[in-house]
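Asks: Listed here are the chains, written in short residue letters.
Number of protein chains: 2
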Amino acid sequence: MDLRLHNFFRSSTSTRVRAALNLKGLPYEYVPYVLRDGETRTPAYLGRNPQGLVPTLERGDGVNLTQSLAIIEWLDEVQPEPPLLPRDPDDRAWVRSLSYMIACEIHPLNNLRVLFRLCDQFGADDEAQKEWFTHWVSLTFDALEDALAKDPRSGRCCFGDTPTMADVCLYAQVWNNRRFAIPLDRWPTIRTIFEHLETLPAFAKAAPPRQPDAA
Amino acid sequence: MDLRLHNFFRSSTSTRVRAALNLKGLPYEYVPYVLRDGETRTPAYLGRNPQGLVPTLERGDGVNLTQSLAIIEWLDEVQPEPPLLPRDPDDRAWVRSLSYMIACEIHPLNNLRVLFRLCDQFGADDEAQKEWFTHWVSLTFDALEDALAKDPRSGRCCFGDTPTMADVCLYAQVWNNRRFAIPLDRWPTIRTIFEHLETLPAFAKAAPPRQPDAA
Chain Z
1 MDLRLHNFFR
11 SSTSTRVRAA
21 LNLKGLPYEY
31 VPYVLRDGET
41 RTPAYLGRNP
51 QGLVPTLERG
61 DGVNLTQSLA
71 IIEWLDEVQP
81 EPPLLPRDPD
91 DRAWVRSLSY
101 MIACEIHPLN
111 NLRVLFRLCD
121 QFGADDEAQK
131 EWFTHWVSLT
141 FDALEDALAK
151 DPRSGRCCFG
161 DTPTMADVCL
171 YAQVWNNRRF
181 AIPLDRWPTI
191 RTIFEHLETL
201 PAFAKAAPPR
211 QPDAA
Chain L
1 MDLRLHNFFR
11 SSTSTRVRAA
21 LNLKGLPYEY
31 VPYVLRDGET
41 RTPAYLGRNP
51 QGLVPTLERG
61 DGVNLTQSLA
71 IIEWLDEVQP
81 EPPLLPRDPD
91 DRAWVRSLSY
101 MIACEIHPLN
111 NLRVLFRLCD
121 QFGADDEAQK
131 EWFTHWVSLT
141 FDALEDALAK
151 DPRSGRCCFG
161 DTPTMADVCL
171 YAQVWNNRRF
181 AIPLDRWPTI
191 RTIFEHLETL
201 PAFAKAAPPR
211 QPDAA
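Keeping their order, the protein sequence lines are chains Z and L.
So in full-length UniProt numbering, the last one in the first sequence is 215, and the numbering has no gaps at all.
So in full-length UniProt numbering, the last one in the second sequence is 215, and the numbering has no gaps at all.
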């Protein structure tokens, strides 16, 4: 496949897709955008992605795929090996639920445009933004820790010993947490899984500081 | 299937699952919770759903499924007819991306616990909450309107003329918008699709005011 990833090194949703592409062994051209400079708000980019968000996965046939989890599900459908979701429907529901805990309950509340909005509408300074960010991470990571610690399907990864979509989301979120230096001590299962993922080249290569546009 | 839906009439994610169950023709027992009274924070409920959120779909075999989109994907896998996602991977990616625009970019920012947090942390009054809520709806509905208006796959529903997961999300979000009386005039394609969905019994039966716990 001829793939170009329109993304930003520090974007958590971009990190998810980079890790998924790496896990699938699919090479891609890296196209960086500077979000603060409005580079995703140009007419050309909005033509690819009407939300003006990263990432967008552009295929050689001109189709642009948007929304990180839709891209990851698509990758898993068109290139099933190695799988990013288990085969059994109950297990798939479990892995998706872990993924959405992060993708629907943490990240949407803590991304850059939300922090900007808190500043614009409520005058939230760095300290208030950190409090907000930490609140949502903690609320859901407490529940995720509980879920992962209790479920017998947890292993070195969120589901067994091979990475799934849930690990992709967890890995990206832990990196995102570093914006406000949130320590992982309170969530030992999450920490252990993250540390394992860091040893895997597909994840390590997707880490924000390893990207060409990292300062 | 023996199904119990732990939910709340006004919850947007609950509305999604009710509509999906109705579309699949699956009956379920309705178990209502009063969120403001902390009924989802009890040890018994947290045992089903460690996040203390609605909905949870409890099966007769004791398995509890959480996260509305994980439940809907599971339903589509175990009971494929009528499908809630198209068959072609590109089309599936499209329908999922429309779904996630709502599920990851609007709803997480506007649910009740976020409005409470804005009040607690920033003293946001009703007017400020409305401004926040409307901002996130408008930002994403503008992009969704653009996407739906331009894509040749749009029909009476978000994808063609039969309902998919995207319609389930759209329908629930438009109902949620009524909390702050947001008119749909600015988004004619979304409005037309919503009005069509309202004529379908599976959706109409899922509407918040039609539920047993509606005041």
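To be clear, the hints were calculated from the coordinates, so they are not data collected in a lab.
Treat each hint with caution, since some may be false.
Listed below are several chain L residues computed to face chain Z (Cβ distance under 10 angstroms; list not exhaustive) [stated by the list, open to error]: (1) M1; (2) L3; (3) T66; (4) S68; (5) V95; (6) R117; (7) A128; (8) K150; (9) W175; (10) P209.
Yeah, the Cβ is synthetic: ideal placement off N, Cα and C, and Gly gets one too.
Asks: Now tell me, hint by hint, if it's right for this structure.
Replies: Comparing the hints with the structure gives:
Taking 10 angstroms as the C-beta cut-off, the interface hint given for M1(L) is violated, the closest approach to chain Z being about 12 angstroms. Nearest Cβ of chain Z to the Cβ of L3(L): about 14 angstroms, over the 10 angstroms cut. The hint is violated. A cut of 10 angstroms between beta carbons decides the hint on T66(L): the least distance to chain Z is about 5 angstroms, and the hint holds. The restraint placing S68(L) at the interface with chain Z holds, with a minimum CB-CB distance near 8 angstroms, inside the 10 angstroms limit.
Residue-level restraint check for V95(L) holds (minimum Cβ-Cβ distance to chain Z is 8 angstroms; threshold 10 angstroms). With a cut of 10 angstroms, the hint placing R117(L) at the interface with chain Z holds, because the nearest CB-to-CB distance is about 7 angstroms. Hint on A128(L) holds. Least Cβ distance to chain Z is approximately 7 angstroms, under the 10 angstroms limit. Annotation: K150(L) was flagged as interfacial toward chain Z, and the flag holds, the nearest CB pair being 8 angstroms apart, inside 10 angstroms.
Contact between W175(L) and chain Z, as hinted, is not supported at the beta carbon level, the nearest pair being about 18 angstroms apart and thus beyond 10 angstroms. Here the hint on P209(L) is broken, as its CB sits about 25 angstroms from the closest CB of chain Z, past 10 angstroms.
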